[in-house]
Each structure stands twice: as structure tokens, then as C-alpha cells.
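Q: Sequence:
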Amino acid sequence: MRSSWADSVAAAETAAAGSTANNSSAGNNSARTRSTYVPPHLRNRAPSSDPPAPVYSSSTSGTDGSGYGAPAGGNRWGGPRNDYNNRSGYSSGGRGGGWNNRTGGWDRGREQEVNPFAGIENAVEEVGEQENSGINFDAYEDIPVETSGDNVPPAVNTFAEIDLGEALNQNIRRCKYVKPTPVQRHAIPISLGGRDLMACAQTGSGKTAAFCFPIISGIMKDQAAQRRPRGRVAFPLALILSPTRELSMQIHEEARKFAYQTGVKVVVAYGGAPINQQLRELERGVDILVATPGRLVDLLERARVSLEMIKYLALDEADRMLDMGFEPQIRKIVEQMDMPPPGVRQTMLFSATFPKEIQRLASDFLASYIFLAVGRVGSSTDLIVQRVEFVHESDKRSHLMDLLHAQKANGVHGKQALTLVFVETKKGADSLEHWLCMNGFPATTIHGDRTQQEREYALRSFKSGNTPILVATDVAARGLDIPHVAHVVNFDLPNDIDDYVHRIGRTGRAGKSGLATAFFNENNASLARPAS
Numbered sequence: 000m001r002s003s004w005a006d007s008v009a010a011a012e013t014a015a016a017g018s019t020a021n022n023s024s025a026g027n028n029s030a031r032t033r034s035t036y037v038p039p040h041l042r043n044r045a046p047s048s049d050p051p052a053p054v055y056s057s058s059t060s061g062t063d064g065s066g067y068g069a070p071a072g073g074n075r076w077g078g079p080r081n082d083y084n085n086r087s088g089y090s091s092g093g094r095g096g097g098w099n100n101r102t103g104g105w106d107r108g109r110e111q112e113v114n115p116f117a118g119i120e121n122a123v124e125e126v127g128e129q130e131n132s133g134i135n136f137d138a139y140e141d142i143p144v145e146t147s148g149d150n151v152p153p154a155v156n157t158f159a160e161i162d163l164g165e166a167l168n169q170n171i172r173r174c175k176y177v178k179p180t181p182v183q184r185h186a187i188p189i190s191l192g193g194r195d196l197m198a199c200a201q202t203g204s205g206k207t208a209a210f211c212f213p214i215i216s217g218i219m220k221d222q223a224a225q226r227r228p229r230g231r232v233a234f235p236l237a238l239i240l241s242p243t244r245e246l247s248m249q250i251h252e253e254a255r256k257f258a259y260q261t262g263v264k265v266v267v268a269y270g271g272a273p274i275n276q277q278l279r280e281l282e283r284g285v286d287i288l289v290a291t292p293g294r295l296v297d298l299l300e301r302a303r304v305s306l307e308m309i310k311y312l313a314l315d316e317a318d319r320m321l322d323m324g325f326e327p328q329i330r331k332i333v334e335q336m337d338m339p340p341p342g343v344r345q346t347m348l349f350s351a352t353f354p355k356e357i358q359r360l361a362s363d364f365l366a367s368y369i370f371l372a373v374g375r376v377g378s379s380t381d382l383i384v385q386r387v388e389f390v391h392e393s394d395k396r397s398h399l400m401d402l403l404h405a406q407k408a409n410g411v412h413g414k415q416a417l418t419l420v421f422v423e424t425k426k427g428a429d430s431l432e433h434w435l436c437m438n439g440f441p442a443t444t445i446h447g448d449r450t451q452q453e454r455e456y457a458l459r460s461f462k463s464g465n466t467p468i469l470v471a472t473d474v475a476a477r478g479l480d481i482p483h484v485a486h487v488v489n490f491d492l493p494n495d496i497d498d499y500v501h502r503i504g505r506t507g508r509a510g511k512s513g514l515a516t517a518f519f520n521e522n523n524a525s526l527a528r529p530a531s
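When the letters of the sequence shown are read in order and numbered with numbering that gives the first Met the number 0, they come out as residues 0 to 531.
Careful: at least some of the hints might be erroneous.
What the hints assert, rightly or not - Keeping only pairs whose Cα atoms sit at most 27 Å apart, straight-line, the calculated DSSO-like set for lysine-lysine is:
#, residue 1, residue 2
1, Lys331, Lys407
2, Lys395, Lys175
3, Lys395, Lys414
4, Lys462, Lys425
5, Lys310, Lys331
6, Lys175, Lys462
Because the hints were derived from the structure by calculation, they are not lab data.
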């Protein structure tokens, strides 16, 4: 006989009081003999076939992926959330792509792996209605490509020409990749050939897949012979270094899609978040470690990560890492720890620019490498329409509002297209965000003073379209791949042309067109030169 809901409640109270009865009929009999309050509407009720209502805890799907409880309602950082149950890559076992098998060994059990593609289709359809939707791979065809080095492997035109493995090919199809971008056409066969690579490519050119595909494919082909048993010290087979937390999380998210059901596990480690959760994920096993330099040095000094098994090293946004002062940490990781030397490991270095500092780094880290330049090095893509408008400092806000009104009126179904607004200071970002919200434009911010949870939440809210305007400082300018950004506004112009290129590179990605508007006034006179 099934117990009623009231009986189940009574049984639970009896167990909490210290009863040793189990959840069988003995527990129900104990509950019936005990004086227990039953609500009037449940008295004399026929036994119900419905199970008791679940009791939610921190490990259920009502928790967002970062380990924090989902907000009950909206706030000015992004409004109500509707996607907590669809967060890919998180489960009751913690971070790291749904690898719930904790019993040791390397058989993680594919049936327990969380599908990183779940819910993506609906999100893409919802946001993809905007004018910037659709991936135009044909727009890449006219981009110039140069290679230099000895015995350069020939480029490929389709993914079918490359032996990546069926599981990875299936994930490529799930990602709706029609054909390789120029950097992928050249970089993937170079890396699959075991060659070191120094690649300079425009923003939004598909660099993440260009280094992830060869790494995952290589690990798949020889994973059983390489791995060590799991334990306190993690022995990754591949290391991907990136300059920021946001970019590391983005690479991790993409790599998990590519590695789905391949048997390759991807873990991310970055600063600004509790290290204990990351340590637990590392103890569960890791094949590909995505990390920021500072957090990785911390893990190495704690003797929780060893690099002696590294076969693949990828440095993404290498020029940005040098700009941020990470060269000492990078050299310590690569040259002073237990990582195999050049020639033993395979190294891929990706950069949007190629200054002397990057050239020196390449000569120190790479062995007999091939140089690959896609497009005009250090320039933006031709798919971005750039406008410069003279706007007095006191008129910037009203002019921005005019742009947003016009953009909304011309948008699909009157929706506000995703707009990224760059400002100079953190205080200015918060002030502009508050002003926009007060004037009926849902906005959020991302800058260095926000906590990691707030930054993740703001990015999710922006990507989903809940807050289609993101006000940001340069923390968001590098590397982030935010789909469907239609318009980038330089509310405050940067002082460096490279920073300008990386800012406007948040739009016009993956072959899609974009618009970039810059507000120029007398305060920016040093950036201009007289017309000849």
C-alpha cells in the first residue's frame, strides 16, 4: 500500500528524531502510532500515488552552475533568470562537464555525462531572430592567408578531409560547423602533423576550435596509454593558457562541447573563484586543463597539478597575456616547472598581433615552428562597418539613447539588438548602466570590481537577451566570443589602436556583419592627425 503525503512527512520526522526504523512499512506504522499534526485538507484523504514534493538542496538543478542558489527574482544586474535548469556542464557532481563517476579509474561512463548541447538550440533560435543571426562562412573566402616554415602541411577545405575521430566529427556537426574557417583550414592539419604553430589571426576567426580539435583528437587516439590514476595530484595531458577568467570559462565551455562523449575530460581553473571546488574537479581526473596563469602557478606551488605528462600546450591571446604582465608566470610555468621541453611537447601560440615580445616568446617556447598569418595582422575584419561621430562629452548619453532608439525601431519585432558599450572607468560603467535602466533600457555591467559570480551572471543575462545592453570596461574587450553582438559603441575611446581593434572585434564574428560606433570629441584630439 502506498503511503500518503502526510504519512511520508511523519516518517521523515520520526527519522529525524533518531528512529532506527527504515523507510518500509515499519516506518509507516511508527508514523501512524505517533501523534502527528496533519493539515485539515489532508485528513481522511485517500492514499496518493504522487510522490512527496522534492526538497531542493544545493546540489539540485535549482542551483546555477557556479554553486550559488538561483535568485528568486530579478535585479538590476539582469532580471529574472529562466535558464538555471538548462545550464550546460553542471550537475550534482560539481563542475567539469557532468563526470559523475567518482569511484576511481578512468571509465567515467558516458551515460552519466551531461549533454553540453542541451537547451542551446532554443536559446539560439530565440536570440537568433535578431538581424545579426546566421553564420556566413563564405565571407571568409577572400581573407588572405600566409604560411612560412619548412614542409608546411597542405590546407584542407572540409572537415571530412581530416581524421579527427567519429565522436569529434559528430560534435562538429552538432555545433553546426559547415566548413573550416581559414585559420582552421591551415592550423588543424599543421597541428595534426605534430608541428609547433605560431598563428596570428583576426578576432572572431575560429581560433578556439583550431587548437581544440587537434588536442582532443590526439588524446582520443592514445588516451589509455597516457593517463595516470586519479589522485591528489592531477596530471593533465594538455594545457590551455588564457589571460582572463571570462576567456578561460569560454574556452572551457567550447572545449566541453567538442569533447562530448569522446572520453576526454576538460577542467577549468581560474582566480577569483573558490579554489576548493576546482581542486575537487582536478582530483576527479583531467585531460585538458584550461587555466589562467596566476591560478595555475598557485596549483603548481600547492603540488596539486603536475605538468610532466603534458603533450600539448596552447597559449591563447598571448599578446594580451604579455600586456597584462603575465610573462613571468608564463615563463615559470613553461620553463621552470616539470613541463616537457619544446620538441617533446607540441606548442601552439595564438595572438592577434605579432610584436617583438611575441616573437621572442615564440622563439623560446616553440621548436621548428610554422608561422601562420590569417588576414591583416593586428587589424579588424572587413565585415565590421565603422563609424566615428563627433559628440561633445556632455551629449554622449543623449546621443547613445538616440542610437539605441533607432536600433530598436529597426530591429526584428522591435527587439533591442545586443549592444556592447565600452567606457573608460568602472565607476563610469555603473553610472551609465544605472542611467540606461532608469530610462527604460535594460542593461548590465562587467568590470574588474564585480565578483566572479556577478560577472558570470551579467554575461549570461546579456547573451540570453534579458539585458541586451552590456556596459563594459576593457576587461571584456579581449577574446570573449559573445554570439549575435550587433553593435559595439566606444562611448569612451581607448588610447591604443590595438585596444580599439579588440573592442570592435566583439562584433562581426564568425563571418557575420557588425557595426562599430565611436564617440569622438576634443578630449580625443591626441588620437587624431591632420588630414593630408
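Q: Now, for every hint given, state plainly whether the structure supports it.
A: Structure-based check of all given hints:
1. Lys331 x Lys407: Since the Cα atoms of Lys331 and Lys407 sit roughly 49 Å apart, the hinted pair is violated (cutoff 27 Å).
2. Lys395 x Lys175: violated (40 Å)
3. Lys395 x Lys414: holds (23 Å)
4. Lys462 x Lys425: holds (21 Å)
5. Lys310 x Lys331: holds (18 Å)
6. Lys175 x Lys462: Roughly 19 Å separates the two Cα atoms, so the pair holds.
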